[in-house]
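The residues making up each chain are set out below.
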Amino acid sequence: METTILIFLLFILVLSIFLGFEVISKVPSLLHTPLMSGSNAISGITVLGAILAAGLAKGGNNDFAAILGGCAVGFAMINVTGGYFVTNRMLNMFKKKEKK
Amino acid sequence: MEQLNTLINIVYILSAVTFILGFKLMSNPISARRGNLISAVGMGAAIIVTLMDTHVERYEFILMGMVVGTLIGLLFAFRTPMTGMPQMVGLLNGFGGTASLLVAWAEFHAHPAGQGIFGGIVLWLTAIIGSVTFSGSLIAWAKLEEKFISGKPVMYTGQQFVTGAVLVGILGAGIMFALDTVAPEAYRYFALFSVLALILGVLLVIPIGGADMPVVICLLNSYSGMAACASGFIVQNNLLIVAGALVGASGIILTLIMCKAMNRSVANVFLGGFGAPVSGSGVDVVGELKEVKADDAYLMLEAANRVVIVPGYGMAVSQAQHAVRELTEALEKNGAEVSFAIHPVAGRMPGHMNVLLAEANISYDAMVEMDAINPTMETVDICMIIGANDVVNPAAQEDKTSPLWGMPIIEANRARTVIVMKRGKGKGFAGVENLLFYRNNCRMLYGDAKGSLQALIGEFKSAAGS
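Respectively, the protein sequence lines represent chains H and L. The first sequence begins at 1 in the numbering used here and counts up one residue at a time. The second sequence begins at 1 in the numbering used here and counts up one residue at a time.
Please note that a few of the clues may not be correct.
To be verified - In silico DSSO-like links for lysine-lysine, alpha-carbon gap of 30 Å or less:
(1) K147(L) x K461(L)
(2) K26(H) x K24(L)
(3) K95(H) x K290(L)
(4) K461(L) x K450(L)
(5) K96(H) x K147(L)
(6) K260(L) x K24(L)
(7) K147(L) x K97(H)
(8) K333(L) x K95(H)
(9) K400(L) x K97(H)
(10) K95(H) x K260(L)
(11) K260(L) x K427(L)
(12) K260(L) x K333(L)
(13) K333(L) x K152(L)
(14) K26(H) x K95(H)
(15) K260(L) x K293(L)
(16) K96(H) x K24(L)
(17) K450(L) x K147(L)
(18) K152(L) x K260(L)
(19) K147(L) x K293(L)
(20) K293(L) x K96(H)
(21) K461(L) x K97(H)
(22) K400(L) x K461(L)
(23) K450(L) x K96(H)
(24) K290(L) x K450(L)
(25) K293(L) x K95(H)
(26) K425(L) x K97(H)
(27) K450(L) x K95(H)
(28) K26(H) x K147(L)
Unchecked claim - Covered stretches of chain L, going by a simulated chain H footprint (3 or more residues, C-beta under 8 Å):
(29) 387 to 398
(30) 419 to 427
As the list claims (entries may be wrong) - Simulated restraints on C-beta separations:
(31) N5(L) x K96(H): 42 to 50 Å
(32) E22(H) x M64(L): 34 to 42 Å
(33) K26(H) x I48(L): 47 to 55 Å
(34) E22(H) x G458(L): 46 to 54 Å
(35) F21(H) x G431(L): 21 to 29 Å
Derived by calculation from the structure, the hints in this document are not laboratory data. Just so it is clear, CB atoms sit at the ideal spot from N, CA and C, and this is done for glycine as well.
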């Protein structure tokens with residue numbers, strides 16, 4: 001890996017961490033469970049790396065690597081679909097009742 | 001081709017924006033649902049453009065992974081009961097870690113050469129964080145389910161020595177690996193540190209007791225983000241890094257909130273053993289337990305104007321949230337004002353109680369945080385405790401020798417009358433006598449929470465009928 005790319009990626013990382021702390025500290029404790037399941041969904045972003053691995057051209061070492069990539073796609077997709085749908089299911093339950 | 005790459009990257013930027021916006025809209029329960037949808041759209045778009053990437057040259061494995069993963073994910077999302085949320089989040093943490101581990105393995109298998117030392121370090125980091133997250137999450141899940149292993153802390157002599165040795169092994173194998181990823185031994189080093197990291201995950205979680213699981217789940221949640229982030233360095237993808245960092249930060253924030261709410265440090269939680277029998281006497285318990293039956297408890301509730309309910313893990317265990325809602329309705333019909341006081345570590349994950357109460361259709365503006373309810377406790381006629389114990393123990397404020405000392409509590413003892421619903425006379429998770437139960441203003445209503453609640457509801461109904 002080239003050093004310039006590494007530095008660039010580290011730059012993105014550091015800024016994202018600060019942004020993450022800023023945004024997420026504003027989530028009320030009321031919604032901490034949906035926050036965690038939503039985080040599960042977003043950690044499924046690994047699916048992008050998994051797709052690139054699973055789509056490697058045929059031949060040589062690539063075949064086994066692509067199978068590993070396919071498994072990674074599977075695990076990551078559990079997070080993506082499971083995470084988003086269950087978060088939606090939970091958030092639907094949070095209602096404010098009208099005072100009679 | 002160049003244009004396609006530009007398009008892909010523009011979509012990645014937009015996806016990053018939707019993830020950030022999604023979290024931002026979670027600051028409010030009304031906008032949160034929209035935030036989740038926006039975030040999901042961003043994820044979908046990122047997946048679609050990645051499938052169009054020219055480096056993707058075959059689709060059979062991708063398709064298989066997509067179909068199987070989506071089906072399992074949907075099954076989880078719609079079949080998991082709300083009481084099982086901690087287990088589900090725990091498992092998903094583990095799957096996130098697994099995906100990152102597999103990506104690292106695939107990348108190393110396909111391109112061992114040309115990684116350089118940074119590439120080696122990144123592969124190592126991704127594989128070990130992924131492995132620790134995976135095995136740690138499985139143990140956490142098993143502890144929460146109490147299926148294969150008990151929820152109690154597992155301690156043995158030389159524990160810290162063993163963990164230390166495994167850490168050294170992971171570091172050593174990592175250095176050997178990163179120095180030369182092309183060498184014939186490199187594969188063996190990769191296997192060695194991955195397996196050692198799997199063992200480390202087990203060693204780290206096994207000494208931690210069930211009620212400390214909120215902290216563990218939060219930390220593993222963070223790890224799953226860090227693993228995604230590290231794998232972003234492998235495939236050199238900004239979006240993975242941004243998304244992973246957001247999740248990593250979220251998990252860390254929640255971990256710190258949980259630790260603060262227990263007045264313990266992260267290190268203290270992970271050294272484990274909390275909940276093991278405590279030596280030392282502490283202050284003497286003064287007074288005696290005063291039992292109350294449902295019919296007397298009804299008379300007390302019937303006369304109350306302001307009722308505060310403190311739910312705990314016991315409510316989740318006996319699935320009593322719907323009965324709680326029914327009783328709340330009966331109380332409100334009777335003219336009382338009912339609110340819910342929720343301690344940050346009540347239940348087995350952050351926000352667990354809120355979700356259960358919301359499921360039972362209890363308005364979220366009736367759920368009050370600990371710091372907001374405490375100053376008003378003196379005006380509360382009845383504080384009803386359902387399956388909570390340590391979080392209302394005044395020993396935290398009165399007994400310096402108590403393991404609970406310094407932990408912020410819901411000050412139920414300051415209410416005019418306290419009714420405790422409890423299955424038996426046992427102690428709480430911390431293994432400490434609850435001083436509250438011996439107070440003059442406290443009455444014990446023994447039995448399964450759901451049964452006791454239904455008895456109370458029955459009393460209200462028959463009173464309304466006569």
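Return the numbers of the hints above that this structure violates; sort them in rising order. Checked against the structure, the hints that fail are numbers 1, 3, 5, 7, 9, 12, 13, 15, 19, 20, 22, 25, 26, 28, 29, 30, 33, 35, while the rest are satisfied.
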